[in-house]
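With the sequences and hints as input, model every part of the structure.
There are 2 protein chains.
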Amino acid sequence: MPEHPTGHRPTLEAVAARAGVSRATVSRVVNGGAGVRQLVADKVREAVAELGYVPNPAARTLVTRRTGAVAVIIAEPEVRIFSDPFFSQQVRGISKELNAHDTQLVLLLVEGPEDYERIARYLAGGHVDGALAFSLHADDPLPAIATRIGLPTVYGGRPAWTPAPGGPAGVTYVDADNRGGARLAVRHLADRGRTRIAHIAGPGDMTSATDRLDGYRDALPPACPPMVAEGDYTVEGGARAMADLLERHPELDAVFAASDQMAVGALRVLRERARRVPQDVALVGFDDMRSVAECADPPLTTVHQDIEGMGRMMARLLLGALDRDRGGILAPTSLITPTRLVRRDSA
Amino acid sequence: MPEHPTGHRPTLEAVAARAGVSRATVSRVVNGGAGVRQLVADKVREAVAELGYVPNPAARTLVTRRTGAVAVIIAEPEVRIFSDPFFSQQVRGISKELNAHDTQLVLLLVEGPEDYERIARYLAGGHVDGALAFSLHADDPLPAIATRIGLPTVYGGRPAWTPAPGGPAGVTYVDADNRGGARLAVRHLADRGRTRIAHIAGPGDMTSATDRLDGYRDALPPACPPMVAEGDYTVEGGARAMADLLERHPELDAVFAASDQMAVGALRVLRERARRVPQDVALVGFDDMRSVAECADPPLTTVHQDIEGMGRMMARLLLGALDRDRGGILAPTSLITPTRLVRRDSA
DNA sequence: CGCGGCCCGGAGAGCGCTCCCGCAACAACG
DNA sequence: CGTTGTTGCGGGAGCGCTCTCCGGGCCGCG
Chain A
1 MPEHPTGHRP TLEAVAARAG VSRATVSRVV NGGAGVRQLV ADKVREAVAE LGYVPNPAAR
61 TLVTRRTGAV AVIIAEPEVR IFSDPFFSQQ VRGISKELNA HDTQLVLLLV EGPEDYERIA
121 RYLAGGHVDG ALAFSLHADD PLPAIATRIG LPTVYGGRPA WTPAPGGPAG VTYVDADNRG
181 GARLAVRHLA DRGRTRIAHI AGPGDMTSAT DRLDGYRDAL PPACPPMVAE GDYTVEGGAR
241 AMADLLERHP ELDAVFAASD QMAVGALRVL RERARRVPQD VALVGFDDMR SVAECADPPL
301 TTVHQDIEGM GRMMARLLLG ALDRDRGGIL APTSLITPTR LVRRDSA
Chain B
1 MPEHPTGHRP TLEAVAARAG VSRATVSRVV NGGAGVRQLV ADKVREAVAE LGYVPNPAAR
61 TLVTRRTGAV AVIIAEPEVR IFSDPFFSQQ VRGISKELNA HDTQLVLLLV EGPEDYERIA
121 RYLAGGHVDG ALAFSLHADD PLPAIATRIG LPTVYGGRPA WTPAPGGPAG VTYVDADNRG
181 GARLAVRHLA DRGRTRIAHI AGPGDMTSAT DRLDGYRDAL PPACPPMVAE GDYTVEGGAR
241 AMADLLERHP ELDAVFAASD QMAVGALRVL RERARRVPQD VALVGFDDMR SVAECADPPL
301 TTVHQDIEGM GRMMARLLLG ALDRDRGGIL APTSLITPTR LVRRDSA
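Quick mapping for you: the protein sequence lines, in order, are chains A and B.
Be aware that the first sequence starts at 1, since it is given in our numbering, and climbs by one per residue.
Be aware that the second sequence starts at 1, since it is given in our numbering, and climbs by one per residue.
Think of the hints as simulated: they come from the structure by calculation, not from any bench.
There's no promise every hint is true.
[Claimed, not checked] Now the in silico label distances, taken between C-beta atoms and shown as ranges:
1) A:Ala-144 to B:Leu-39: 28 to 38 Å
2) A:Asp-139 to B:Asp-139: 48 to 58 Å
3) A:Ala-34 to B:Arg-118: 17 to 27 Å
4) A:Glu-272 to B:Gly-32: 51 to 61 Å
5) A:Pro-226 to B:Arg-118: 51 to 61 Å
6) B:Pro-225 to A:Arg-118: 33 to 43 Å
7) B:Thr-147 to A:Glu-46: 53 to 63 Å
By construction, the Cβ of each residue, glycine as well, lies at the ideal position given by its N, Cα and C atoms.
Structure representation (structure tokens):
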């Protein structure tokens, strides 16, 4: 393949000259070749190969008004993105789906509130055809930006301003069945004879946390009083919440933690307080982060969700809207993926 | 701010008309405003604000031949990217630096060998001004592609075909002082009176692993015979390697694992075999992945490296070359960032 | 009061591509 | 044999921007 390190790259014009046809014909061949005789098309393709022609995306975008790229926007405090391969997995799912459709992934990491102006400018600039946005807190300015600009956007995780799953959505999002998963966890604990089941909840401004809390309340046996402490999805937060729970409710015999990270923190505190897991206190996590759940001691019973699949679904939804007659109409649907319990040793 | 959900966005022309000046003047103002009187510039800026004008990046790229974007290429088997927040951190460092220079981050995940053709096409297409590439194995086709195209590229981690650090580089890369860090770890174990120090190495085709192995050999006390088993940087691999070591060298009293993940695997096996850590066997990891090292039982003594800083440096190096008279000349330099020992309880 | 220099702003030529339209050439039909 | 339809290809306009000229005003200085 020829190279063009510094000298200008060949243009359509050059290919046309070489193949003895017009620019338009080369363009047709490059874009699928409909309406061109086999003979001519082959000649063009040969010229393309000889010159090492690659279309200039900027020129193409200028006229087609499509960029072939979507933004992935991740707004998450450092603490979580660091300790948690959640986004890596989700992004990988997205990437796989986008690759299959020759679409590029532009990563926008939100470091702080001041970044939103930059991101708004970027999205308004028409750099991308659509966006995938993650983990929005209640007051996140992003949705407003996206709708103002009219950018097709799919959300990962139920956005905070959205009614609980099942209700009318207003936006398109993909989420795990957090509530159902929490029910699974609590029911499992109850089935194992536990009657004092506590909950370590996630941050109250995140729907994944509140949905899991709702699931806990749903499945709690009538005789068992709700016992809840709030963590922040981190190991430290889980430890603090566990200590708090033990102080307030020393009689507890089971804990459902809203994340594996918090479960690990709880595990540490339980060990310090000489409560055996699962004999004295049974423990169930959430997320099934393998590197965390499997390596814990004892390995964590937890609720599994298909993270990569969720990423894939998000991308698929967006690409569908982008393809469909280029309208970018995104039917407001919520797609809830199932969760399941993975039994290990902690409960 | 006005919106333009569907109707066409305002162009330079429109702004010019509104401000009563020419296109060229508006362009000057938008790009810094040098050579324009204050009065006129203000008028233009007002028109820009009123119309909600945002420059069309495609049109700009078409003439300037700069995209304002760089590719981040991550080629790593799933197993590692999943379990390991390493890339999240590195990418975050890169993102911070790029944001500060109004440059976009296009993420290219390599899923398999067949993806390289797609990536080559993408890079050749001139979508990006430069690239940052990670964790290249010896036979990785990427460097060849990058040089053929003439794309300024900075590598993360010493590429396999490159001579050991210190020698002439040939390419630009940023890496942690793996060898020095390994020396630190082994020396620490020796200082604590250990005389039978084994090593769980990473995959032999990765320079981070071989450099750490070299450091282990450097610092091993003369009286201590080398005892090495190879893992693959995963928990499971670490467990297998530990089992192997215990079988071959039951007399060992210390282990230096080339990653925290593998150290956790080793920890599990040691516990199963009723060897106390650190009393019977002292253990040191590498990477200082906080979520892993801190949550292990006992918390891991490990070698810390500034991962986010490395990402930052990579971006800074690339941006420097991109700025410098737009030549994109990248002086082949290797930048080695220091490591340090973090003492916790495992050694 | 005149002239050279300087600074500000405008006109216009593209960047490389797509796509609409129009013109051939040929088949089919009355 | 003229007319219409069909298919294959070329011409040309234009996407929205930057940047190189170039001209016109205004200053200072002689």
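Tested hints:
no., hint, in the structure
1, A:Ala-144 to B:Leu-39: 28 to 38 Å, "35 Å, holds"
2, A:Asp-139 to B:Asp-139: 48 to 58 Å, "49 Å, holds"
3, A:Ala-34 to B:Arg-118: 17 to 27 Å, "23 Å, holds"
4, A:Glu-272 to B:Gly-32: 51 to 61 Å, "60 Å, holds"
5, A:Pro-226 to B:Arg-118: 51 to 61 Å, "52 Å, holds"
6, B:Pro-225 to A:Arg-118: 33 to 43 Å, "57 Å, violated"
7, B:Thr-147 to A:Glu-46: 53 to 63 Å, "26 Å, violated"
Violation of the numbered hints given earlier is confined to hints 6, 7; the remaining hints are satisfied by the structure.
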